[in-house]
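J.: Below, each chain spelled out in residue letters.
Protein chains: 2
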Amino acid sequence: MTQSPDPTDSVPYRWGDPAHAVQLKPGMRDTLRQLGADTAAASVEPEQATVPDSRLPDDFRRRLVAIVGERHVDDSHQSRVAHAGGWSTTDLLRLRSGDAHAAPDLVAYPASHDEVVQILQECMRAKVAVVPYSGGTSVVGGLEPSRDGFAGILTIDLRRLDAVTDVDPVSRTATLQAGLRGPQVEKELQQHGFTLGHFPQSYEFASVGGYAAARSAGQASAGYGRFDEMVVGLVLATPNGTLQLGTAPMSATGPDLRQLILGSEGAFGVVTSVAVVIRPIPQRREYDGWAFDDFDTGTRALRALAQEGPHVAVVRLSDEAETAVNLSNPSKMLEGGPGGCLAIVGFEGTHDDVSRQRDQVEELFTHHGGRPADPEAGPSWERGRFAAPYLRDALLDEGMLVETLETAGFWSKLPQIRAAVTGALTQELNGDGRHALVLCHISHVYETGASLYFTVACAQSDDPVGQWNAAKEAANKAIRSAGGAISHHHGIGTVHRSIYHAEIGELGMETLRAVKAVMDPAGVCNPGVLIAPEAADATL
Amino acid sequence: MTQSPDPTDSVPYRWGDPAHAVQLKPGMRDTLRQLGADTAAASVEPEQATVPDSRLPDDFRRRLVAIVGERHVDDSHQSRVAHAGGWSTTDLLRLRSGDAHAAPDLVAYPASHDEVVQILQECMRAKVAVVPYSGGTSVVGGLEPSRDGFAGILTIDLRRLDAVTDVDPVSRTATLQAGLRGPQVEKELQQHGFTLGHFPQSYEFASVGGYAAARSAGQASAGYGRFDEMVVGLVLATPNGTLQLGTAPMSATGPDLRQLILGSEGAFGVVTSVAVVIRPIPQRREYDGWAFDDFDTGTRALRALAQEGPHVAVVRLSDEAETAVNLSNPSKMLEGGPGGCLAIVGFEGTHDDVSRQRDQVEELFTHHGGRPADPEAGPSWERGRFAAPYLRDALLDEGMLVETLETAGFWSKLPQIRAAVTGALTQELNGDGRHALVLCHISHVYETGASLYFTVACAQSDDPVGQWNAAKEAANKAIRSAGGAISHHHGIGTVHRSIYHAEIGELGMETLRAVKAVMDPAGVCNPGVLIAPEAADATL
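Those sequence lines, one after another, are chains A and B.
Heads up: the first sequence begins at 1298 in the working numbering, then just goes up one per residue.
Heads up: the second sequence begins at 1298 in the working numbering, then just goes up one per residue.
Hints were generated in silico from the structure; no laboratory data involved.
Heads up, the beta-carbon is just placed ideally off N, CA and C, and yes, glycines get one too.
Keep in mind that a hint or two might mislead.
Stated by the list, open to error - Stretch-level coverage of chain A by chain B, calculated; a stretch enters the list once three of its residues show a Cβ under 8 Å from a Cβ in chain B:
{"#": "1", "segment": "1342-1354"}
{"#": "2", "segment": "1396-1404"}
{"#": "3", "segment": "1467-1474"}
{"#": "4", "segment": "1505-1514"}
{"#": "5", "segment": "1777-1784"}
{"#": "6", "segment": "1791-1801"}
To be verified - Straight-line C-alpha distance at most 20 Å; calculated EDC-like pairs for lysine to aspartate or glutamate:
{"#": "7", "chain 1": "B", "residue 1": "K1424", "chain 2": "B", "residue 2": "D1396"}
{"#": "8", "chain 1": "A", "residue 1": "K1710", "chain 2": "B", "residue 2": "D1463"}
{"#": "9", "chain 1": "B", "residue 1": "K1710", "chain 2": "A", "residue 2": "D1465"}
{"#": "10", "chain 1": "B", "residue 1": "K1710", "chain 2": "A", "residue 2": "D1463"}
{"#": "11", "chain 1": "A", "residue 1": "K1710", "chain 2": "B", "residue 2": "D1465"}
{"#": "12", "chain 1": "B", "residue 1": "K1322", "chain 2": "B", "residue 2": "D1590"}
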């Protein structure tokens, strides 16, 4: 139904194009052994995975068929397994072990906003939990609704909503349907001379609907903005009808309801399209590496850049450990230590813009103790910018536990947040001959603060899912007590829910529940994601 | 209780410092006569204004006294008249005629967030409508809650909440209490080397609470951002407790609830403080004038500036009629016509920034058909930037009807919006020997669109309030049908409510009502503002 590459068309726990699978370098295996890793047990083939019996009544299925047509309703084993969760490491570990308990009962593929509304109304009537699926790349359990009290789970796969329906070159806006994936968006806009400039690490598969649902931020967010900053309008399908927003870029027409829908993670309904700002394709894209003696020095330089300008496209800074891992050969992975920190600065724009900004950054960074890094550092980052998920697969094969987590905070709190998270993760994971690597980088900068992105690698224990869940809980608590936000761009899903509730407080939660009750009176929209599930009575 | 200048300390229908009152130039009166104006009838002295009997029960008053102290509860005639509405022209016309029916029954002056929460809880208990008041500068009826079904109206005047409670120079944030007025904010931040950079036309009196409640945008919004873009955290007092938001500049922690509170205009509760981004005091502030042959040419140049940069502080463009009025002597007011259009571009920053940006703007504007205007144009705009409300008073004295309204839209729609609004206003106001002047400027620019700000002047009819209400309704409909937002920075209040409801739709309205029901279960918070009042039963 779509020509784009699709993780659901291949092995559902291996990322992307098999041709791009990462082969670990010689010597890496020895390093992993030093960390305590054993080669993982062979994975269960997807065809052998265990899924719950599909239990939706025939009548409901018939109604869906009446809306979208027989060939767009699918309850095959293959399709259900392919939609069983997202791409967190625990999602992958479970699928590798043959556990597809999170699989939906049925998958529907609507082709229009109106079809989505009709499906949601059927779900309300039949008390079927419904999860919107576009890229499928959630790493926070956002695709795993609660079954309790529902007749079953329907996945609405939005891949047929894959059109750019409007391009306004004067206003520099485009209207994108929710099922469009990153590369499709760029390809379509390119024909008009524009780019969206949104490049999350999951770019190959993540989609517009997911960007909107989870407040995505791409690697070029410093220049192009977060996705929620790009959105000037949106259309939301709910069981209670349609909400259409966005008459102007900004206004004083009451609360900005666009920002209430962005980040709602399917709990209020399904975002079917968004209007976004688009920019001319840059004449040049250049990525430079800069070296700093330590993370604190580099952080001060990045802060100066974010606060004083110029506003470049990409700004990142790896800490000492991540720099060591990224720059050295695998045998040096364990050393970490005082090798300094690598920053990446990306410039996109006209030839003049890029030249001018480069000069300004050189002056600023030199003033703040930076020096140009190996000229290959920038291009090397560019080549590998979407490769991490492939590397994770290869490391999981070798018995490693590899996962990422992230937070954001104000500049003055970043040092304490980083120390707290690193400490919590190493304390939780070290032991029994295992030694955790905790790497950190700043990936997105703002005038008043930044994000911190952590990559964790550790040899798997006998219960890697439990092992990670314990580490994750420790990290969540550390983030909260150090004053960070529980997510910068991954979202809340199910795994951040309880800490999120503490972050926005009881009145904040009551507000979200009240909004949900208006848009989704039967509580069928992604129940348990973002908002804790209420006891729901199955009425079938 | 406050040292800052205060319109409520002087004549409540004359703006600002009497020493700054505008004297019309010789010849202006003749021009006004040509427009059909007669000198207005003498105004009723505030002491003679008619206010409804204060009807709140003694018990309620005693409870307020227990919270804030006897000297901070005021039901004097003077104080009630001073809080009777905002600063729209119809507000002023009514007060000038001695009509203070909108006066609250009582005014309370709390000194802390907790006192505000306690007052709101008392209002909920006693079913007293409550309106937060900080600058008092609403021009959309935002200070005029519905009385129907309530025991009375209490105004919470926030002027005692006037502290800058935190300045974080590393993160470049400051925490501002809601009662701080523009000049107070700048004075306090200046001591730390910072500026907020928020300069609405109402700067002398408008306050932080109002900025937040109504999504204010200042004249330097192109560079410093709108107020809602400056806010990184806020504290809201509601009858149902406290909502505290803002752990990071931006995050993926669900919907951005800050943007649900900003623009809520007192309908959900009272914003008692906000955390905002602050910037170093610029080394230089320079304002240049640029001339364009016509509004379309100038608009294209401004669009190029907003979309391609540099990001300067101030960007404005007056249309032909406004340019003629601003630049010529009063006798040329009626000519309008082909005198070209004046743009103002303001630069703020380091010496280097200002020089570089000036060069870039010169290149861009020259390319787009601009030429430098009279060197006095920029400084002249700067001197007069806060003067319009004084001029209005003088023109009202002369029997003129003078008012402003504004909208925002995407660039491609701006021409049709401007034509529709201008047409609707002139058609409604012209006749019976009267000739309306409708002036327009672009006052705020974004990549994807801009605001349009209209100034209307016409000789008063026998019923100037009715005359303006009819014109305003025609303009509202024109904005809506041409695809603009019903307000760019004035807000919704009561006068935009019905068009606003059409703009966000029934589901949007149900959502707002649901949020209000959580935070304000008894519906006492600024009833009828933003959200249409529901029949409320007085329970006293």
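J.: A separate judgement is required for each hint: does it hold in the structure or not?
T.: Here is how each hint holds up against the structure:
1. 1342-1354: This one is violated; 0 residues, fewer than the three required, reach chain B with a Cβ under 8 Å.
2. 1396-1404: Since three or more residues must qualify, the claim that chain B covers the segment 1396-1404 of chain A is violated, with 0 doing so at under 8 Å.
3. 1467-1474: holds (count 4)
4. 1505-1514: It holds: at least three residues are needed, and the segment 1505-1514 of chain A offers 4 whose Cβ sits within less than 8 Å of chain B.
5. 1777-1784: With 5 residues closer than 8 Å to chain B, the segment 1777-1784 of chain A meets the three-residue bar; holds.
6. 1791-1801: holds (count 4)
7. B:K1424 / B:D1396: violated, 25 Å
8. A:K1710 / B:D1463: holds, 15 Å
9. B:K1710 / A:D1465: Given pair K1710 of chain B, D1465 of chain A holds - Cα atoms ~11 Å apart, limit 20 Å.
10. B:K1710 / A:D1463: Holds, because 15 Å separates the two Cα atoms, which is no more than 20 Å.
11. A:K1710 / B:D1465: holds, 11 Å
12. B:K1322 / B:D1590: violated, 28 Å
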